[in-house]
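Whenever a hint applies, use it, and build me the whole structure from the sequences.
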Amino acid sequence: MKKIIIWLLAIGLISGIAVYFFVFYYGAKHEDPLKSTQMVSVDAKDLFNQYELNEDSANKLYLGKVIKVSGDISDIQFENNRYTVNYATDGVMGTVLCEMDTLENPKVKSLIVGSKVVIAGFCNGINMDVYLDRCKLAE
Amino acid sequence: MKKIVLIAALLMGSFAANAQLYFTKTGTIKFDSHTTLEDIKAENRKVVSVLNSATGALEFSLLMKGFDFTNQLMEDHFNESYAESDKYPKASFKGTVTDIAKVDFTKDGTYKVNYTGKLTIKNVTKDVTGTATIVVKGGKVTATSALKVKPKDYNIVIPATAGAKIAEEITVDVIMDYTKK
Chain A
1 MKKIIIWLLA IGLISGIAVY FFVFYYGAKH EDPLKSTQMV SVDAKDLFNQ
51 YELNEDSANK LYLGKVIKVS GDISDIQFEN NRYTVNYATD GVMGTVLCEM
101 DTLENPKVKS LIVGSKVVIA GFCNGINMDV YLDRCKLAE
Chain B
1 MKKIVLIAAL LMGSFAANAQ LYFTKTGTIK FDSHTTLEDI KAENRKVVSV
51 LNSATGALEF SLLMKGFDFT NQLMEDHFNE SYAESDKYPK ASFKGTVTDI
101 AKVDFTKDGT YKVNYTGKLT IKNVTKDVTG TATIVVKGGK VTATSALKVK
151 PKDYNIVIPA TAGAKIAEEI TVDVIMDYTK K
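Listed in order, the protein sequences are those of chains A and B. The working numbering puts the first sequence at residues 1 to 139. The working numbering puts the second sequence at residues 1 to 181.
Bear in mind the hints are in silico, worked out from the structure with no lab data behind them. Note that the coordinates shown come from a computational prediction; the quantities given were computed from them, not determined experimentally. Among these hints, one or two may not hold up.
What the hints assert, rightly or not - The list that follows gives simulated cross-link-like pairs (lysine-lysine, BS3-like), each with its CA atoms no further than 30 angstroms apart:
no., chain 1, residue 1, chain 2, residue 2
1, A, K116, B, K122
2, A, K68, B, K30
3, B, K150, B, K25
4, B, K122, A, K29
Claimed, not checked - Here are some chain B residues the structure puts well away from chain A; computed CB gaps all over 12 angstroms:
no., residue
5, L63
6, M64
7, Q72
8, P89
9, K107
10, N114
11, K122
12, V172
13, K180
Said to hold, decoys possible - Computed beta-carbon distance windows for the label pairs:
no., chain 1, residue 1, chain 2, residue 2, range
14, A, D43, B, G109, 42 to 52 angstroms
15, B, K126, A, S110, 42 to 52 angstroms
16, B, T131, A, D43, 38 to 48 angstroms
17, A, S110, B, T131, 38 to 48 angstroms
18, B, D32, A, K29, 15 to 25 angstroms
19, A, S57, B, K30, 25 to 35 angstroms
20, A, E139, B, T131, 32 to 42 angstroms
Ideal placement from N, C-alpha and C gives every residue a C-beta, glycine not left out.
Rendered as structure tokens:
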């Protein structure tokens, strides 16, 4: 009887670990930028200018953080079922790009180039463009 | 800013040499670490790259935080524990396609080429060589290559507890969709 209880406990423990691993590790969903409690708001032109002026300083402020960017749309691209919204900035060869969460596709479809938009996403830094991913429309 | 200066210099250089420059901001780099315990896949779709068709000069750079993993925890582990993306936000390659002359960029075709250069990850630079396929089709140029990268060569320390889940050598697929500048 004792052996059976030990076996049952062991099986229960292993099953628990397996369930935890698959639910919390493999099933860990990406964070929703709109649910971030530490969102920083910035104008798209200011964001790009800060990165152009001093990448290291800008990274300290924004890299990996959720930022809410406001500005005018200069272009919208659609590739591989994913929209990327470009902001109008003063950059000669770069701008601010927001790769949108695919869940936002129906809403992004109705955006118009030239109109104002507020988007929240995770800042990846600058590589010619300041790049945000997993973006969602914030307003 | 440095990148803009670099691109501008490359542009001027290419005009001076009457060369053709091919450029992309939407190149893809993806990797796949396969072990019996776990498959880890990630993709970065915003790689900036320049290829000079006259000299074969080839460069690309990417943001480490731009890698998209299948789930959040894998991504967090990658950025915080392995790539240390806050400290080393970029990776880059600078090299040359050594036999670029055999590629006819004016007509459709598929060409196998060789390249050599320096790959920098986490501020560690290593010489790399490899083969790539360049496809010219309808004025567009696509270059693909599979690089073998050993994380430990780039100071990517994998703890023993995670060692069994991460391959010693990772295949990095590079896919660049160039357009003429």
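Hint by hint, here is what the structure shows:
1. A/K116 <-> B/K122: At roughly 38 angstroms apart (the allowed maximum being 30 angstroms), B/K122 and A/K116 break the hint.
2. A/K68 <-> B/K30: holds (28 angstroms)
3. B/K150 <-> B/K25: holds (26 angstroms)
4. B/K122 <-> A/K29: holds (27 angstroms)
5. L63: violated (4 angstroms)
6. M64: Not fine: 8 angstroms to the nearest Cβ puts B/M64 too close to chain A.
7. Q72: violated (5 angstroms)
8. P89: Not fine: 5 angstroms to the nearest Cβ puts B/P89 too close to chain A.
9. K107: holds (26 angstroms)
10. N114: holds (26 angstroms)
11. K122: Per Cβ check, B/K122 is outside 12 angstroms of chain A; nearest 15 angstroms; holds.
12. V172: holds (17 angstroms)
13. K180: Holds, since 16 angstroms exceeds 12 angstroms.
14. A/D43 <-> B/G109: 42 to 52 angstroms: Once the Cβ atoms are compared, 47 angstroms apart, the range 42 to 52 angstroms for B/G109 and A/D43 holds.
15. B/K126 <-> A/S110: 42 to 52 angstroms: Distance hint for B/K126, A/S110 holds at roughly 47 angstroms.
16. B/T131 <-> A/D43: 38 to 48 angstroms: holds (46 angstroms)
17. A/S110 <-> B/T131: 38 to 48 angstroms: Between A/S110 and B/T131, where Cβ atoms are some 45 angstroms apart, the hint holds.
18. B/D32 <-> A/K29: 15 to 25 angstroms: At roughly 21 angstroms between Cβ atoms, A/K29 and B/D32 fall inside 15 to 25 angstroms, so the hint holds.
19. A/S57 <-> B/K30: 25 to 35 angstroms: holds (31 angstroms)
20. A/E139 <-> B/T131: 32 to 42 angstroms: violated (49 angstroms)
The structure fails hints 1, 5, 6, 7, 8 and 20 (numbered hints given earlier, in ascending order).
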